[in-house]
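Undergrad: Reconstruct the complex from the two isolated chains, following the hints.
Respectively, the protein sequence lines represent chains A and B.
Numbers given in the numbering used here equal positions in the first sequence, counted from 1, plus 1216.
Numbers given in the numbering used here equal positions in the second sequence, counted from 1, plus 18.
Honestly, the hints are just simulated from the structure, not real lab data.
The structure presented is a predicted model; accordingly, all values stated were derived computationally and were not measured.
Where a beta carbon is used, it is the ideal one built from N, C-alpha and C, also for glycine.
The calculated label-pair distances, taken between Cβ atoms and stated as ranges, are:
1. B:Ala33 with A:Tyr1351: 21 to 29 Å
2. B:Gln141 with A:Tyr1422: 24 to 32 Å
3. B:Glu190 with A:Ala1403: 51 to 59 Å
4. A:Ser1248 with B:Glu138: 55 to 63 Å
5. A:Phe1342 with B:Ser170: 31 to 39 Å
6. A:Leu1399 with B:Asn102: 38 to 46 Å
7. A:Ile1460 with B:Asn102: 35 to 43 Å
Capping the alpha-carbon separation at 25 Å, the derived lysine-lysine pairs in PhoX-like fashion look like this:
8. B:Lys285 with B:Lys361
9. B:Lys361 with B:Lys341
10. A:Lys1519 with B:Lys149
11. B:Lys148 with A:Lys1519
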Amino acid sequence: MAATSPPHASTAAVRRRRLFPYFRHAVLIAWSLIVLFPIFWMVSTSFKGSGEWIAWPPHWLPHQPTLYNYQQILAVGPLATAPSREATEQVYNIWKAVGDSVAIATLSSLVALLMGTFLAYSISRFNVGGKNFRYLVLTIRMVPPIVIAIPILMYYAVLMPYTTDLLLGVRISLFDTYVGLGLLYVATTLPFVIWMMLSFIDEVPYTLEHAARIMGAGRLYTLRRVVLPLVASGMMVTFLFIFILNWSEFLLSLTLTQPQVSTLPVLLNKFQSAVEGRLYGPQAAIGTVITLPVVVLGILIQKHLITGFSFGMLRK
Amino acid sequence: MARIVLENLVKTFGAGVTAVAGVSLDIQDGEFMIFVGPSGCGKTTTLNMICGLEQPTSGQVIIGDRVVNDLEPGERHLGMVFQNLALFPHMTVFENIAFGLRVRKVPTADLNERVSRIAETFQITHLLAKKPAQCSGGEAQRVALARTTISSPDVLLLDEPLSSLDAKLRVEMRTELKRLHEQLRSTFVYVTHDQAEAMTMADRIAVMQGGRIQQLGTPLEIYRRPANLFVAGFFGMPTMNLISGRICDSDSPRFQSENLDLKLPAKAVPRTGTDRDVCIGVRSEHVLLGAQGAAGRVQLTEPLGDETLVFFDYGGPSQLVAKYRGDRTFNVGEAIVFDFDPKGVLVFDAEDETRLA
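Chain B on its own, in the form it takes in the complex (with noise of 0.2 Å):
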């Protein structure tokens, strides 16, 4: 089957370009993986070992209980879609479809066949005599993940497939990818940069910077308790709050920086947190606006119709951001009391940015 392991894979370019310094990574038969990070990161690269596009320069990488470095990609046997899509474009979409099986030399009536019957589950029958160029976006997709599912595939590669649709279009793939992935039951490798992306679709997700996995678990874990500041700074909208300064006194804490001294309820500390240079993060959902805290002032509201975003200032380095359901409504300039819900702070380490547990 189609477990992929990746043992300490290293890519440099050239002269001192490390791409990927060192991923190890054990991908689960039939789990929606997806990499995320901002680009440069090495999630591409680090798809591009898998699929045998690029040659590690060390390290390993293992599909099934195959080493798989020194096979042609076309031995593999994945499937992969590429961010432009890749779709040949003076063939029609039969003749993309059919490509993969044209080059195993399937038997004529076997090839119509099995393209007549995926372009149906695709919903694509119509478009066979087109062109790519006359296909809409959602539908050139379409096509995409016909042409690569058709040899069914042990593991689907996906390439940032998405990042050239609408908006509207995009969260109806992610959908469909989802369905898809639930159909196949095949390993699905995805590579984004988007956050909401990768949190509605992945079974875990690998959050990758500088070469390196910061962090790898679910969506839920990567937000609720990210392993350090990036990947807290990364996933979320809006971005978490981070405020530095320290925590004195372990009994009855409290956080103070330049312009703020908050109490904090004991067990929202973790013991290694006191008497040192921290950096707290709160995301906007438990910063609390009522009646008791510290003072702000609102600069700017984002209503989003449910709830409002309420961005204000409290005398620091930076604003801060406050997601209030309700039906208060904020002006801007308006004096505001904030607090923080004690289940949400987190602690950072402001040396080595790690969350002190």
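The following block holds chain A by itself, in its conformation from the complex (with noise of 0.2 Å):
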């Protein structure tokens, strides 16, 4: 940049230019700080007793730091075996929680992926649904949550057992199931899919599929060899994006499931005692836990996390 200024430029000017990356640089971490700060207050609230949790003024930093809390929900440590004296002490085994969450999120992510990325293909490259299908598609998101949670309910819990038990006398419920909860997690997110694998797969040239076609290879094998491999990065970053939706959807799960089935975000909701109010070091351990995944999950792909942003949104 400075090499093509001209050289009589004012100096006002280079230095307004040379104190600009100082600039940028301060508003990217005053922003950080501020998108941080919770995280931060979290993880340190995570390592504190249960006296320095709403300590005034507040300790930033655990003055003496334990383990207890992760103790805890873990179901690990002393606690596991000893009588408890106070409800702190209780143990709460989170480790059914993470399982469900695990599974649920998962598989419900890679079923959408796989759907919403055949399906994106065929809204590319066949115009499915016409012109302005690919807009519709996100207006399902466009429904608040909470207006489907209740008739779902009632389909899951009341209609759909009813009606079982009427024509094929065996009493089905999709209520409290992880079925039930996977296939919700999957219509909601199949959207998100559609719409951000339709601008990868937009990307790539129709001329490639063509050589493949006239080389003699059929469809299938064309999607496999030729364009899957090229929108990799793609499907990973829409992966990682929808896998976070499902790994931290609290009201469908909160509605939908108890007691068999239940995702760590309903279970961090019930950490209160009647004696102590809410729990906030067990809830605040149970956060972290639930962040890391997603954490070490986005370092693994980092890779393809930036060529799949370059790749389909910044290059238009």
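TA: What follows is the structure in structure tokens.
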């Protein structure tokens, strides 16, 4: 930049140009601090004993760091066996919820990714659904989840068992099942997958497929060997995006499950006791545990995230 | 073998857009046929119907002795090189070349041998492990050709394959393509909008415009005896001089237009050409700058080394151009005298624009 400036540029302009990177970084750093503060607070609280949770003035860092909260929620250490004196000392086993969350979020994200990719391909290449379908797809997301949560509860818990009992003589209910919640997660994230994958698939030139076709490759072979490898980064990005959505979904899970199936965000909300109110320590510990897999996943596919985002979005 | 017959091919898109409006053509086995015309003339659509990427609205495509209208592109035993080459960016050059063989499940040993053999032919052995993005323009071109020819197709279709290359490389690749055609002896159908490419490579040229073939013939036939004004104007650099006017008196004919009155030799004028509105066409090499004829004034010169293009004004609606071979230099504004070489004068009907014979 500086090399292209004319030799007689005013010193003020030069100074402004030189200072701009500092200004930009100052803004970005300030913004990151605002965004990261709640996460810092959560992690910090997860290492605090019960006396420090709501201490005033606030303890920015735990004065007496403890793993107590983690021992409680993960049901490990001395707590797992010793009898408890207070509510805060109870063991809350979250392993079942971790398993449920991992299973439901992973499977429904994979199913949605697979279905959505094929749908996006057919919309991109064959104009399935007409010219405006790609925009209409997103309108599903405009419905607030609470609007559909109650009708679906009725449907799952009352209408379905009643109908199947009448027709087949068996009561089949999707209430409080993996399939029931998973289906809804697929349905609610599918529009995002279609929308995101469309932008990636639209970028793959038609002629590549034509060339493959002339060399004798069928549709599926071309899709598998030519199109999908080219949008692999996009699929990674899309997967991470909907995985986070499904992983942290609260409302549908709260409404449609209990007690058999229970996901982490719902469990998190249950941590309160009659004596002490909200159990901020264990809640913060669960919050940290919930956040970790997403962060790790993000780091693992970082390379794809960058190429993925620059492939589909920026180049337009 | 691979003779290609197109019978009255028509392709319409949606409501009222006719890309190809009835093309009938007989391409001989082993011929180098070039479709040439401006963009939107239907040449690429015709090519796509031959290879099967487009279904004809009506008419037939016959390759060898089979009607292939209902065959998938992969079943027609042809190869195609695309304008953007369509190399798979995520595969190595080796995998790109081997793609067609992998589709047909050729055994690995056989596949490896064939790929290395074709890579030697095209001198791209050193590129086999690279990705297409790491190849130069000419190298990528050869990779695309290797990929297309490895399965020795009966017909090779080429859709403006040289348009992305720089001028020097394009001329080199022309020679290479011609040599390749002689080696393979398969039928080549080549689409281009560049008349120079068509002239230098083709056995026969089909000049297309408005979804129809305007003229079919060898390069020299098309250059010397263009069927109509469109073909005359499309071929040749610089563009043919065209002047509207009338030819009077069939015994000692004179061409008369608003600002020009030139005597023409009787044999240059077709019998049907007299006493009607015509347009005469004269190529720049048939415009003689000398001692007799009509007067003009030099407007611009373009020295090409061995010859000079002289653009001059004669008082008519457009300027004329002469190709001058010799040592004389022309200055802008200089007065000159020009005449037409009688054997180079073509007469076109002013109404339907066809050449009068």
